[in-house]
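K.L.:
These protein sequence lines map, in sequence, to chains A and B.
First residue of the first sequence: 1, per my numbering; consecutive thereafter.
First residue of the second sequence: 1, per my numbering; consecutive thereafter.
The set of hints was computed from the structure by calculation and includes no laboratory data.
Keep in mind the model is a prediction, meaning the values are calculated, not measured.
Hints are not guaranteed to be accurate.
Just the calculated beta-carbon pair ranges, DEER-fashion [unchecked claim]:
#1 B/E149 - A/A77: 54 to 60 Å
#2 B/T176 - A/G308: 57 to 63 Å
#3 A/R183 - B/P177: 55 to 61 Å
#4 B/V68 - A/I427: 34 to 40 Å
#5 B/E169 - A/A77: 53 to 59 Å
#6 A/I285 - B/E66: 42 to 48 Å
#7 B/T176 - A/N397: 26 to 32 Å
#8 B/P177 - A/S411: 37 to 43 Å
#9 B/E149 - A/V423: 55 to 61 Å
#10 B/G150 - A/V277: 38 to 44 Å
#11 A/A94 - B/E170: 45 to 51 Å
#12 B/T152 - A/D297: 55 to 61 Å
Positions of the beta carbon are idealized from the N, C-alpha and C atoms, including for glycine.
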Amino acid sequence: MKFASRLISDAFRDITMRLPVIILAVSATSTTAAVAQDSFFERNRYTSVAERPQPEYDPVPLRAGAFDVQPQLGLDAGYRDNLFATENNTESDAFVQAAPSVTAQSTWSRHSLRGRLDATSVAYAENDTENHTDVRGVVDGRLDLGSRTEVTGSLAAESLNEPRTAAARIANAEEPVQYDHTRAALGAGHEAGRIRLEADYTYQQFDFEDVGLIGGGIQDQDFRDYDEQELSSRVSWAVERDWAVFLQGAYVDRSYDQVTPGAPNRDATGVIVRTGVNFELPNLIRGDIGLGYQSFDFEDQSIEDLDGLSIDANAQWFVTELTTVMASAQRTVQDSGIINSPGTVVTRLAAGVDHELRRNVIIGGELGFENRDFEEINRSDDLITIAAKTQWKLNRNLWMNARAEYLDQDSGAQPFSDARALVGVTIFP
Amino acid sequence: MRLIPQSIKWMLGAALMLIAACQSAPMQSTAAPDVIPAASVSQAYTLGSADKVKVTVFGEPELSGEYVVDGSGNISLPLIDSLQVEGLTVPEFQKLVEQTYSQGYLREPRISAEVLNFRPFYILGEVAKPGEYPYSNGLTVMNAVATAEGFTYRANKKFVMIKKANSTEEIRVELTPGLTIQPGDTIRIVERFF
Numbered sequence: 001m002k003f004a005s006r007l008i009s010d011a012f013r014d015i016t017m018r019l020p021v022i023i024l025a026v027s028a029t030s031t032t033a034a035v036a037q038d039s040f041f042e043r044n045r046y047t048s049v050a051e052r053p054q055p056e057y058d059p060v061p062l063r064a065g066a067f068d069v070q071p072q073l074g075l076d077a078g079y080r081d082n083l084f085a086t087e088n089n090t091e092s093d094a095f096v097q098a099a100p101s102v103t104a105q106s107t108w109s110r111h112s113l114r115g116r117l118d119a120t121s122v123a124y125a126e127n128d129t130e131n132h133t134d135v136r137g138v139v140d141g142r143l144d145l146g147s148r149t150e151v152t153g154s155l156a157a158e159s160l161n162e163p164r165t166a167a168a169r170i171a172n173a174e175e176p177v178q179y180d181h182t183r184a185a186l187g188a189g190h191e192a193g194r195i196r197l198e199a200d201y202t203y204q205q206f207d208f209e210d211v212g213l214i215g216g217g218i219q220d221q222d223f224r225d226y227d228e229q230e231l232s233s234r235v236s237w238a239v240e241r242d243w244a245v246f247l248q249g250a251y252v253d254r255s256y257d258q259v260t261p262g263a264p265n266r267d268a269t270g271v272i273v274r275t276g277v278n279f280e281l282p283n284l285i286r287g288d289i290g291l292g293y294q295s296f297d298f299e300d301q302s303i304e305d306l307d308g309l310s311i312d313a314n315a316q317w318f319v320t321e322l323t324t325v326m327a328s329a330q331r332t333v334q335d336s337g338i339i340n341s342p343g344t345v346v347t348r349l350a351a352g353v354d355h356e357l358r359r360n361v362i363i364g365g366e367l368g369f370e371n372r373d374f375e376e377i378n379r380s381d382d383l384i385t386i387a388a389k390t391q392w393k394l395n396r397n398l399w400m401n402a403r404a405e406y407l408d409q410d411s412g413a414q415p416f417s418d419a420r421a422l423v424g425v426t427i428f429p
Numbered sequence: 001m002r003l004i005p006q007s008i009k010w011m012l013g014a015a016l017m018l019i020a021a022c023q024s025a026p027m028q029s030t031a032a033p034d035v036i037p038a039a040s041v042s043q044a045y046t047l048g049s050a051d052k053v054k055v056t057v058f059g060e061p062e063l064s065g066e067y068v069v070d071g072s073g074n075i076s077l078p079l080i081d082s083l084q085v086e087g088l089t090v091p092e093f094q095k096l097v098e099q100t101y102s103q104g105y106l107r108e109p110r111i112s113a114e115v116l117n118f119r120p121f122y123i124l125g126e127v128a129k130p131g132e133y134p135y136s137n138g139l140t141v142m143n144a145v146a147t148a149e150g151f152t153y154r155a156n157k158k159f160v161m162i163k164k165a166n167s168t169e170e171i172r173v174e175l176t177p178g179l180t181i182q183p184g185d186t187i188r189i190v191e192r193f194f
């Protein structure tokens, strides 16, 4: 079971604050609804601030046959003081943002089907070349084969714009790099008493568009296109109803569409093994902590293997019923986006707190640290992010949001700092 | 309220005395009657508007019954004028009724009284089921909250706001396990912010 991790995203288009609590609750339960009430792996003793429904303020979805449909529209105005993430001669700008979305969730007693379509369109006051629109669509479903077995499937397609803070950013690109991301996943899970078995296959494809350069010319981005397949499995054993130990393994195959002459062949296969514990203890803590080892072997034998500690952990501490503290940590090997760097080891640490000041007022803070250590090139970026946020639910049809964020990256190649502010509303029919 | 001329009262009294002399079992016995125990009446409870009182007059079923204290604090009983009972304890009320009936209506009346329906209390704010609930003797704020099905997750459990029945202002009171309330009180459980 995975919990939503409140990692601070480079994409200031953080729509997770806009999601109605009901959608989050549905997503959280959709993977576990197949499990009977006496399951050793049910983790619903506590309710976090973000999960807690507030019937007086949560939007009422529209009923369309056997589906609940929730449309919404987010409208924001914001400001950034370093639009291009540069060290000097920073460019600040104000912007407006519109984020419509619609989610349809089945209401069947067994099985589940959910579809979501959303877009985020940003327009800047002075730098209109930075204007962009991201579009995302996802369909995921769960087939319950009895009370203890389920099959899951997911299809997602996104058309996104890479932020200027990305490591692979092109300084003199006349606009953000656009890319398409598609994802298909198939999974299965089965419980037998204290044992739970899970297996998943995921296929992803990334396709980057060439981008024009200021002053003329085109920067090729096809070298960044790649496919990735991951086959993973997890075996859990419930020692007690409150906690279970697990062993998890994954095989990753990353294949780039082209190999550029003179540049390393970045095709790689990786093996990840983790062991850990999944728990929801009486002392108000819930989490899933996995530690292990990962090893990525490159097609190009001249490239040293990337191996080391693998971490995938998250936890929630329910300090009081009004305050939830979250923490997460990941250490993974990812595509760097840089032609001379076959991969990057990404270490992310994040902590956050949500507090329910009133039933309809939530305040929170986030602190994040991300280190990107690039293979084969002498580059290591440390990014620190601090954010404060608030959400005021006026009624079922109108919420107000505000967020302030500060990013600071220490890097030999791309140091920058960026202060951002965003205020807006979310409208529900 | 029934007004009976003094002459009629004397005649009734004489008739009762005659009947009493003829009966082997006197209507008004000098022995202590079987008093109906008042299970939930507190010595400290005082009568007020909307209280429902059961009055039993020994040997006089026509005078016994259930009566309600009206909005001005008066109660109307057969044969006697409206009695002002606001603020009286139950024993005091019993004694007043006995004294009133003994003034020309009954000879050595034996009265027992019990409050059937206490004035309700009111509880609102951060409880699961705010509303009006019947009072019972010795009720504490914690009892009242339990009656309203408990605190909500946002309830402030350190202090409560109480408005007395005869007051127009709330007072803030530290919430302790022994904090008692009176009928007619309005208890407000406030919200906490942290």
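K.L.:
Against each hint, give a clear statement of whether it holds in the structure.
P.N.:
For each hint, the structure was consulted:
Between B/E149 and A/A77 the Cβ separation comes to about 44 Å, which falls outside the hinted range of 54 to 60 Å. Restraint check, B/T176 to A/G308: a C-beta distance of roughly 58 Å satisfies the suggested window 57 to 63 Å. Look at A/R183 against B/P177: about 57 Å separates their beta carbons, and that is inside 55 to 61 Å. Between B/V68 and A/I427, the C-beta spacing of about 54 Å breaks the proposed range 34 to 40 Å.
A beta carbon spacing of about 45 Å between B/E169 and A/A77 contradicts the range 53 to 59 Å that was offered as a hint. A beta carbon spacing of about 58 Å between A/I285 and B/E66 contradicts the range 42 to 48 Å that was offered as a hint. Remark: the range hint 26 to 32 Å for B/T176 to A/N397 is contradicted by a beta-carbon distance near 43 Å. Look at B/P177 against A/S411: about 60 Å separates their beta carbons, and that is not inside 37 to 43 Å.
Remark: the range hint 55 to 61 Å for B/E149 to A/V423 is contradicted by a beta-carbon distance near 40 Å. Take B/G150 and A/V277: their Cβ atoms lie about 34 Å apart, and the range 38 to 44 Å is violated. The given range of 45 to 51 Å is respected by A/A94 and B/E170, whose C-beta atoms sit roughly 47 Å from each other. Look at B/T152 against A/D297: about 56 Å separates their beta carbons, and that is inside 55 to 61 Å.
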